[in-house]
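Spelled out, the chains give:
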Amino acid sequence: MSLPTEFAALEPYLEWDLATEAERYARRLASSMAEMQAFYDVAFPLLEDAIAYCDKFPLSDLPDDARTLMHLMQSLVMVSFPVEVWKQARVPDSGAAQIGLLVEPVI
Amino acid sequence: MPHFAKPPAGSWTEQYPELGTAPVDYTDSIDPAHYEAEREAIFKKTWLNVGRVELLPKTGSYFTKELPVADTSLILVRGKDKVVRAFHNVCRHRGNKLVWNDYPQEEVKGTCRQFTCKYHAWRYDLEGKLTFVQQENEFFDLDKADYGLKDVRCEVWEGFIFVNLDPDAAPLKEYLGEMAEGLEGYPFHEMTEVYTYKAEIGSNWKLFIDAFTEFYHAPVLHQKQAVKEEADKLMGYGFEALHYQLFGRHSMISSWGGMAPPKDPNMVKPIERVLRSGLFGPWDRPDVQGLAPEDLPPAINPSRHRSWGTDSFEFFPNFTLLFWAPGWYLTYHYWPTAVNKHIFEANLYFVPPKNARERLAQELAAVTFKEYALQDANTLEATQTMVNSRAVTDFPLCDQELLLRHLHHTAAEYVKKHKERTDVAAH
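The listed protein sequences correspond, in order, to chains A and B.
Okay, so the first sequence: first residue is 388 according to this note's numbering, each after it adds one.
Okay, so the second sequence: first residue is 172 according to this note's numbering, each after it adds one.
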């Protein structure tokens, strides 16, 4: 199991186990609304429990399964705008604009 | 009917009669000749922020900064004596770029003991002195002491590294003046969790500063970011700042912001309610000295308003410091590359998170920042192309757009004074 057992419901969504914002943003753009909605519907109710689980460890030294869980929760944050607000993967009215995240803290 | 009091002059703008209230001519954002004049008069003459001291943590730490607007590339380096210095990134032998990796135009960073030119292996120490010349005896009367790296004025304020290409420039402290003084003591050094964004923007540099120094657009352009009822309410209110102030070439806008935390949790999105975070940042203030409302430096929230949310300080020409009430800050830089193009950089600075909860709250703030910035960035290209049509040249700016009026005025004054000086020198 790559996730703690109590988060087994997230196993089908391990393609969202992505360490960097660039990867998470690219997957968001490449996903359909149905895919993101399905992931959100499973992940969002687990958010509080996931935080509580990860907070049992120092943030700088998470065991592998907790790190995967954190990456999934970061991906949940990434899809929250499309699911909760935009109803589309792209930011509306953002056209050809691109903004790259060059330096970020990576878990 | 204003929600917040205006100054006795009747408006923020009319406190500064030199700015007038007439429509503003935006030819300064499309005219290539004017852009060339700005490069000489502004970007080669003023103090430019190139980053923070945390980028140079130890002896030998360095980074390069490309400054196409000033026709140069710089090396920033911390010496053995711990002093941060700036040099033109050029080998004294025959002009090769000294520090670069695979691609000469890309910025690089790292740590080294000395700089060695890729071309003929001339070496310079961390203080810029030439220390080694390959086949030195082949040269004619070459004294290494005469061939150190060409230095650039470099001074540090509150951990922010500034450079100035004008050797005769007044000291940094004097240039930054009263506005910077009022910010001293903010715990910048505690906020070392950094997110750095970069974008190529198809507009004149001043147009993006325009976009970020008025919030008159916020309830309209970003209306879909709020939940429906909240968006309608915001649109009905419009936007009014708490306070504006000009400090010579610099300026600031102080704004309310009731979203961190919101009065009614139903005003915000579900993920914001769980993570207690959003555009204004994590709602829970980090536990470091100097962030409580009563401890903030005097320039921040100058009206000491209870509804204060964010302050934006514009350091002329292209550096913004923006503080958020919940205890973090960000910077913007706008680096021109052509009359209708610039590189936009943003850095978000947080106190390092202690746990997953704080980390995810910052994650949401960072993601939200990008959603907004993408909308802002895209609007600019549309503005640039239509201003460029010259179908309309003069635009009415309202009282909430005082900082825009001031920016275009200040930039034009720099160009005008520079022209007067060079005209005198030519005669």
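Bear in mind the hints are in silico, worked out from the structure with no lab data behind them.
Bear in mind the structure is a predicted one, so any value in this text is a computation, not a measurement.
Treat the hints with caution; some may be incorrect.
No farther apart than 16 Å at their CA atoms in a straight line, the calculated lysine to aspartate or glutamate pairs in the EDC-like style are these [unchecked claim]:
id	chain 1	residue 1	chain 2	residue 2
1	B	K525	A	E471
2	B	K369	A	E471
3	B	K440	A	D404
4	B	K399	A	E471
5	B	K434	B	D455
6	B	K440	A	E491
Here are the simulated distance ranges between beta carbons [unchecked claim]:
id	chain 1	residue 1	chain 2	residue 2	range
7	B	V254	A	A417	32 to 40 Å
8	A	D480	B	E400	46 to 54 Å
9	A	E410	B	K404	52 to 60 Å
Glycine included, every Cβ here is placed at the ideal spot set by N, Cα and C.
Hint by hint, here is what the structure shows:
1. B/K525 x A/E471: Violated. B/K525 to A/E471 sits at ~28 Å, over the 16 Å cutoff.
2. B/K369 x A/E471: Violated, because 26 Å separates the two Cα atoms, which is more than 16 Å.
3. B/K440 x A/D404: Not OK: B/K440 and A/D404 at ~24 Å, beyond 16 Å, violated.
4. B/K399 x A/E471: Answer holds: B/K399 to A/E471 is near 12 Å, not above 16 Å.
5. B/K434 x B/D455: Cα-Cα ~14 Å, so holds.
6. B/K440 x A/E491: Violated, because 24 Å separates the two Cα atoms, which is more than 16 Å.
7. B/V254 x A/A417: 32 to 40 Å: Roughly 48 Å apart at Cβ, these two residues miss the hinted range, so it is violated.
8. A/D480 x B/E400: 46 to 54 Å: violated (21 Å)
9. A/E410 x B/K404: 52 to 60 Å: Since the Cβ atoms of A/E410 and B/K404 sit about 37 Å apart, the hinted range of 52 to 60 Å is violated.
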